[in-house]
Each structure stands twice: as C-alpha cells, then as structure tokens.
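Participant: If you follow the hints, you should be able to join the two separate chains into one complex; please do so.
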Amino acid sequence: MRKVYITLLLFASFWLQGCGGENSYDGANGLLSSGGTDVSEPLAAIYTLIQEDANATLLLAQEVEALVDDVNASLSDFEALRSKTQELILAYKKVEALYVAEKLESSMTDIPVFVEAFSAGDFDRKEPILNELATILAPTNVTPIESALYKNAYKSITGLVYALYEDQNSSAEIFAKVDTRRVDAMRIMIENITAQLEIIVDFYATDSSFLDDASASVTILLNQLAISSNRLKEWRVGDPGGLTQKYLGNSDAQRFEYWASRSSLQAIESIIVAHKEVMQSGLETIANEGGATSEAEAIESKIEELQLLCDSFTSSVESNVDDAKVTQLYNGAYQLQVSYTALINALNFQQDIIEADGD
Amino acid sequence: MEYFGLDYLFVSHQRLFWVYLLSAAIIAILYVIFAHSVREEYAKRTIWLHSSALMDYKYFFVVSFIKVAVILPLILSSKDVALYVTLLLQESFGFIAPLALSKESVVLLYTLTLFVVGDFTRYWLHRAMHSVPLLWRFHKVHHSAVVLNPLTFYRVHPVENILFGLRYALSVGVVTGVFLYLFGAKIGLVQIVGANVFVFVFGILGANLRHSHIPLRYGDFLEKIFISPYQHQLHHTVQHSGKNFGGALAIWDALFQTLHREKAASNLEYGLGKATPYVSVLEMLYKPFIQK
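Protein sequences appear in the order of chains U and A. Sequential numbering of the first sequence, starting at 1, is according to my numbering. Sequential numbering of the second sequence, starting at 1, is according to my numbering.
Calculated from the structure, these hints are not laboratory results. All of these numbers come straight from a predicted model, not from anything done at the bench. All residues carry an ideal CB built from backbone N, CA and C; glycine is no exception. Hints are not guaranteed to be accurate.
[Claimed, not checked] Residues on chain A that point at chain U, a partial pick, calculated with CB under 8 angstroms:
| # | residue |
| --- | --- |
| 1 | A82 |
| 2 | T86 |
| 3 | V146 |
| 4 | I187 |
Chain A extracted, bound-state conformation (with noise of 0.2 angstroms):
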C-alpha cells in the first residue's frame, strides 16, 4: 500500500484515517436526512468546489511538500524529549526500581495523561495563535478559510506546523518521560486499530465534521466537556473566533472562561469577515511574513 502512497487514509492515529471519514460521512448523511436546513445549505451554497475549498487542496499539496522537505527534519523529537526528560530525573532523584502499579493500570494513565496533557496544551497555544499578534498573522492562513472541508484541517502556515510540532514533541516528550522514569517498561497505550483510544473515539465521534457545515452538537451538558464540531464551527465565525480553543475536550475552554455554546444553526459565516487577504497559495504562505 505504501507504494500507491494511500498509506495516510489507513493509518488510524491519522485525522484522514478512513474510518473517521466515513464515520463523519455517515453522520453527515443521517443530519442531511433528517435536518432540512443542512440539506438546504448544501444544496444552495457551493461548498466543496468553492474557491476557498479549492484553495484548501492546492494548499495541503504544497504544504506537503514543505512538511516533508522543511519541517519534518526541523522539529524536535518527542522521543529525544523523552529520554532526556527521564535521564534529567534519574540524575536529580536517582534511579528507582519501577514503582509497584500494574502495566494495565500504567497503560491506562499513561493514555490519559497523553491525551489530558495534549489536549490542554493544544488549548493554550491555539489561545496563544490568537491573542498574540505575530502569531495570528500565521494563524489568520487557517482562518482565512470561508467554507470548510476536512482538509482546511490542513490549512496551517508552515510556522504554525512548527510549534504545533514542538508542542507535541515537549508535550508527549515530558509525559512520556516521567512515566517512563516512574514505571520504566510498563509504559504503553490502550489502543483501537492501533491508534490511542480517546484518540479513536474522537476521530469516531466526527472530528472530521469539524470543518464543515454539518452543525453536529453533543448536548449541552456534553459540550462542557467535549468540544463539538459545531462549537469549532462558532470558532471558525468572525464574532465566536475568540471562543472554542479546544482540541477535543472543552473543559479548558470552561475553566478559563472561553467557552461557548449556541443553538445549532446553518448559516454560519466563516472566514476573516473581509475579503480573504490570500488569492494564491503562495501568498497564503509569504504574506503573513509581511503583513500585518
């Protein structure tokens, strides 16, 4: 499969990962049955073949390109993180045997805290995207987007991509070293199809729905923990884009007062609230450089 280079669509930690395309297929599907008003939204607005759609497919081909030729080889490894994280902690405390807790229970904190621990950090520096000017010249790229698809997931400036990477690197680097210096080989994921469970469920329960115009909710006592497609959505809109920074779960966006929940609607407006400052896809990825 690798040689037909289909690989991203059959890896389960992968966004793209086709079970979670077609898990949000499917919900897409049932909400267009049974919601009118979505059905209408599609039919009468042009979503997938929109200029700022096509702008997203162009974008994820050539930045691509970049992750693979730039980024890649510039981001800081998670597993050096890692290691280094719990040789620092063996040099200050000492080494110690690996403390008495089953490997199932080990396995199971250790997923959580990934996630807890990722999630929250992914909250504060798409906060931080937004509230600190140079940084949202960058993030504006993804918010530029007027309709949304999965793949404006994929449409993030190179230097975004960047401190995301560093995030994860530091994030996943310090858990797992900890973990590792407190239960040495006990370490390990509860995992679905080879991907970590919250991880699955999220993509499961419509993290492709996201970015698009299917107004999913979760109810909403769920959306005080949960973050739904639709309160991305609200994020996505010119009036809600300081609300709603949360990864997966919402209880960041609660305990610091940036959450926001709303009745569903369709109609929702995305984008900057202006004309779009980008018109090609090489201005998408030098004008934040320059402007303002």
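For reference, chain U alone in the conformation it holds in the complex (with noise of 0.2 angstroms):
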C-alpha cells in the first residue's frame, strides 16, 4: 500500500511539473528553430510577394525605357515620362525594403546601390553626386555622354530624377532643357536600372535558397525589416527632419530622399505597405506559428499608425520638414523597429523556460 502511494504521488507530482514547464537546465529555444513549427507554406508566399515586387518594377523600367525616346516630343511626353518614372520609384522601394537578396547570395549585394545611389544613405555622398551631374547634362560639355555617366551612382534612379527634376524645377522648365544629350543620358541610366532589376528578378527568379532553409530565411527576412524601419527613421525622416545624432537641430528638406520630385512621402509610405504586405502574406502565421502573436499585432498596429500618419499630410513632406508629423514619423518608425526587435526575440523565446532550481 505504501508503494502504491508513493508511485501515485510521484505520478501526480510529474503531472504538475509537466504543467508548469519549468525546472529545465537550460534552454532558450532558437529562432524557429525547434518544435518542428513548419513554416514552409507562409514563407513561400513571402517570397512570391518578394517576386511579384520585383518583376512589376522591373516591368515598369521597360515602360519606363519605352518612354524615353519620345520625351522630347512635347511637354505631355515629358509629364508622362516623369509620372512613370514616379510609378517605377515607388515599386522599387518595396523591392528595396524587403530585399533579401544579398544575404542569400554575395553577388547582389551591390545591386540596390547600383539601382539607387542614395541606398547608401549618406546625404554627403549624394551631394557632390548631384553636382557632378549638373556638369555632366550641362549642353556645352563636350565630353560623350556615355564615357561621362562612367559611375554606376550617376546611371541610377538618382541620376534619373534629377535629369527629370533637378532642384524641383516645373516640368515645363525641364522639358525646355530637354535635349539630345539629356535625352541620350535619360536612356542610359534607364538601361542600367533595368538591367539591375532584371539581376534582381532572375535571381528571384531561379534562386531557391529562400525556400530551402526556413530558418535561416526568417533570419534573414525580420532582419532585413529591422534594417529597413530603421533606415526609414534614421536616413529617410530623422536626417532631413533634423532628428538624428548626426543632423540634431539641423533639418534640411533637402536631404529628404525624393526632394527633387517632393515625393519622398510616397516613396515613405512605400516602404510601410511593403512592411504591411509581407506580414500579410506570411510573417503574421510564422510570428503566431512561433508564440509572437502580441508582437506581430504591435508591428501590424504600428504600420496601420504610420499609414495613417503618411495620409495625414496635406502637402509633400518637403515643404513640411519641421512639422510635428515629421517628428511622428520618425518616432512611429522608431517604434516599428523596436516592434521588430520584440518580434525576433519573442520568436528567439518559443517557449520562456524557467529554470528555478538550486543544485
């Protein structure tokens, strides 16, 4: 009978050990990487969002490129041209914000830079950049367009935007400048673009390593995310809003990213649907798959705030640098990065053991 007791009380006692999940040694779970959660379906469609992206950009390039022979024709021919290229901007910042390209592969990790100049981030860098183009599409430089725009930054989107803008200039002012060498160096920079973005989409396009390996593709994509909300709130808002280490005090409208054609909100907002399209399509089942639900719905909260806030401006963001929202802004993208830290260690966490044993 005492034997029977003893086994019942053991039994009993594993019963409520089992209920707390305590007691363990040791043992932080890694990212995704136990319990077998299988998060093959959720990533897949992550990564046909990440195609889709890449090839409606690059399909808009090729328009782009279509569009340019004819800029000269009239003013509409020029208006159209800027419009597309406006349309071809803002799809590449979604490929921008969630390209996960070079962590897959060494070779593409140049590509955004070779896109967009500005990549970098580095409003010195893209100064002298500008300047130098002045000089390049000045009609009384001799030197042959095609040896003169000799750096990739020049033959970027950057490069593009300011032959079609300059200093914010009208469309009419532009186009009177509009001529054969201008036209000429419009046609180069959108070859190169195209051609990196067809880098870009051969890659996705036949690279299955994403798929391969989920766990080091959801390593790769929260920290690809974590860099790009924080790159929204350092390069993109604090740096023009005077909000950084780097600028405090200091706004310059003109380092926002699109000053030229005041659609640097655009371009913003771009990002965050970007953000808000890929937890949509996948990301929100691996956080629940993980245990991170509160975190993911921080994230989708914080996207739909900034959403909101982007909407909120009557006019561009250029002409508002030292407004409240832009503060807003930065600081909502602050927050979006914080949540996106939340979300890789609750998902780090799977499982929050606690060890409370003495030896």
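Facilitator: See below:
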C-alpha cells in the first residue's frame, strides 16, 4: 500500500511539473529552430510577394525605357515619363524594403546601390553626385555622354530623378532643357536600372535557397525588416528632419530621399506598405506559429498608424520638414523597428522556460 | 501526452528527461556490476525507501504546487530581460545592422555563451547560498538530505527557487539581449533533440547521478574542467560542503579555489552532520524563515 501511495504521489508530481514547464536546466529555444514548426507555406507566400514586387518593378522600368525616346516630343510626353518614373520609384521602394537577395548570394550585395545611389543613405555622398550630374548634363559639356556617365551612381534612379527634376523644377522648365544629350543620358540611366532589376528578377526566379532553409530565411527576412525600419527612421525621416544624432536640430528638406520630385512621403508610404504586405502574406502566420502573436499585432498596429500619419499630410513632406508630423513619423518608425526587435526576441523564446532549481 | 501529465519526462531540456534517466541508469548498472563496494552500499543501506528519500518524494509533490501557483507568476521572464537589454543597447549605442558573422557561427557562439555564463552565475549563486548566513538557512533544506536520489535535485526551498529563477532570467536575458543587439535574428541554439547541445551532453554524462550513491568520477584531468557526479556527492558531505559549487563546469571551482577531488569512496555520509532539523515537509518550508 505504501508503494502504491508513493507511486501515485510521484505520478501526480510529474503531472504538475509538466504543467508548469519549469525546472529546466537550460533552454531558451532558437529562432523557430525547435518544436518542428513548419513555416514553409507562409515563407513561400512571402517569397512570391518578393518576386512579384521585383517583376512589377522591372515591368515599370521597361515602360519608362519605352517612354524615354519620345520624351522631347511634347510636354505631355515629358510629363508621362515623369509620372511613370514616379511609379517605378515607388515600386522599387518595395523591392528595396524586402531585399533579401544580398544575404542569400553575396554577388547581389551591390545591386541596390547600382539601382539607387541613395541606398547608402548618405546625403553627404549624394550632394556631390548631384553637382557632378549638373556638369555632365550641361549642354556645353563635350565629353561623350556614355563616357561622362561612368559612375554607377550617375546611372541610377538618383541620376534619372535629377535629369527629370533637377532642383524641384517644373515640367516646363526641365522640358525646355531636354536636348539630345539629356535624352541619351536618360536612356543610359534607365537601361542601367532595367539591367540591374533584371538581375534581381532573374535571381529571385532561379535561386531557391530562400525556400530551402526556413530557419535561415526567417532570420534574413526579420533582420532585413528591422534594418529597413531603421533606415526609414534614420535616413528617410530623421536626417532631413534634424532628429538624428548626426543632424540634431539642423533640419534640411534637401536631405529627403526624393526632395527634387517631392515624392519622399510616397516613397516612405511605399516602404510601409511593403512591410504591411509581408506581414499579411505570411510573416503574421510565422509569428503566430512561433508564439509571437502579440508582437505581430504590435507591428501591424504600428504600420497602420504610420500609414494614417502619411495620409494626414496635406502637402509634400519636403515643404513640411519642421512639422510635428515629421517627428511623429520618426518616432513611429522607431517604434516599428523596436517592434521587429521584440518579434525577433519573442520568436527566439518560443517557450520561455524558467529554470528555478538550485543544485 | 500532455493530458497524461508525463511530458516532463519527455522534454529534453528537463533534468528528468527519460534519456538522461536511462543513461544514468545504464551508467549506474554498469557501475554496480563492476564495483563491488557500490553493490554492497546499495545492498546494505536503505536508499530508495529511506525516510530522507521519502521526504524528497513528498517535497517534490508539494513544491510542485508552490512552483505552479506562486513562484512561476513571480519570476522575471528571461524574454523580457533580453528585450530590455537589446533596447537599452540600441538606445545607448544606436541600432546596428547585424554583424557579418555566419548564422552557424552565431548559433554556436550563442549556445556556448549561454552555457558558460549560465554555469558561471550558477556557481556564484550556489556559493552565496553557502556563504551568506541568511541564504544558507534556505539552502540547508537541500543539504539536509542524508541519502541522495535524482529527486533530491528538487529538494530546494521556494526562496531558493525564486533566486535561481532570477539568476536564470538575468543570465539568459543579458546574453540573449547582447546577441540580439549584435546579430539580430541570426540567434539560435545548437540543439540535440530540442535541448541545448551542452545540456544534452551534461544530461547524458550522468547529471542525474549527481544525486545518487554512484561515485562516478571523470578522472583527475577532466575533473578540473567538468564537475563529476562524485564531486557533487562530496559537496553534499559536511566535510566538503564548502567545495565543488559548480553545476556542469569545474573551472569556476578551480579558478576560485573551491575545487576538491579525491579517490572515489562509496560510503560517504551526507546531510548536515547532525539530526535533520526537519521532520516534515511543512517544517522544510517554514523553518528556514524562523530558524538560523
């Protein structure tokens, strides 16, 4: 009878110990690396989104390319090119926000800088490029345009935007400057952009490594989203708004990414939309599977707030650099980045084990 | 399996994981077959049904209730500590893109750091439990066992549970927070059947024999690096209770001059060296609060 009593006692104790899940010797789990969580389906959906964004951007680049030849035909043709270029930029912001290729293949690292020189986020570097472009595009410059545009930065979106807008000039003002040299320059620029986008599209179409190793892909994706939200905060909002350590109290609208075309706010919103789409297409599911539902909800709520904030601007952010909303955008982007950190942390602790025993 | 409540035996990061118990049993059987003295020890001495062992079983049962109902809700979460540390680092030094170290290297480094830092903090808290009179009152409950069995591991006062829980949350939280800051989502553990590889190896090498009468030694050289079950058994004697505080590693004991090794003997006397101050589970729980 005594042995039966002891056996029952032990059985009940095991049950209780199992309930609590405590008493482990050690054991924070790795990022979705245990528990057999299958995230291949949501990851495939995310990869499809990344591929679709890249494909759509390439298509727009090809449309821009087609419009360049007629750019000096009429003001409306010029405006059509401007408009299509805007679409291209906004589409590319999504590709850039979710750019995981460089972590999958090292040869893909420099492509974003070839597409958009400002990818490095350094206004000090951008300013001389714009000055050099002014010299290159000057009608008096006799250097063959192919040779003059020898730097990749000249042939990027940064260059194309300059060729189309210069210093926030109107369509009519720039159209009046469109000569053969400028048309040739724009053709070289968009051809380079298209070629770089083709590399991205081909890579995503042929490389399957993102789908082969789910744990590594989740890692790459989460790091990329955290980096993207930090760049949003620092480069795209904080630097022009004079809110970062580097430019504290010294705002300057010219530091906005698309100051010339006054489309920085749309670019910011496009990045936010990319974050929203990646959450909806699969990251939310991955977070739920990893027990990080509240962290995913926090991200989605922050994205929603940021979108509403962008929509609340009644004019361009370039003309509202000192507005309180810029500070709100900065703070919101910071909170988004923190929310990604919280998600990464939560996924690392799929099971928050407590070791509460002595020895 | 959860409904039958036996999952505790099937979770690989638990000390009582069936694989660790099985490996301990195999080592013990082999030891008993080949070591005549140990066979005699188990034959002549009441161990499994000794009043101290019975107290362990009862205590294991009671303290389970206390842990689930009182301690777990109180203990700081290592997840919260990790997030706090990462955000503090981001706030102080700015956000940094994850350092360019391969995921495999980060995972290996993180796994090793968790294990080493965890063991280091375990050493110092364990040592403090012995050297600080107020803490010794509570740790004495663990040392009051006069025979050892795997459940003696759980003969720990709830106050000590809380302290070890805090230690765990802080050490895992700080290490994880720093790694998250430096490497972002590259973090992860090298695992074997779901457990930290070092925890698994520690479990397989007879972690459950630490609280047993099997004087398993690792040899002179290895015992300067890893605490053998026998070294921990020595720690449970009155004579050497101020030695061998290490959990898995002996390097801390060696470094801070508390390491003790000696030839294996099977007739060690465990406990507090006098009549046990506790005659019931209830006394084990309340006496430390009132008795020096």
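Participant: Each hint should be assessed against the structure and marked as holding or not.
Facilitator: Hint-by-hint comparison with the structure:
no., hint, in the structure
1, A82, "holds (5 angstroms)"
2, T86, "holds (6 angstroms)"
3, V146, "violated (18 angstroms)"
4, I187, "holds (5 angstroms)"
In terms of the numbered hints stated before, the structure departs from hint 3 and from no other.
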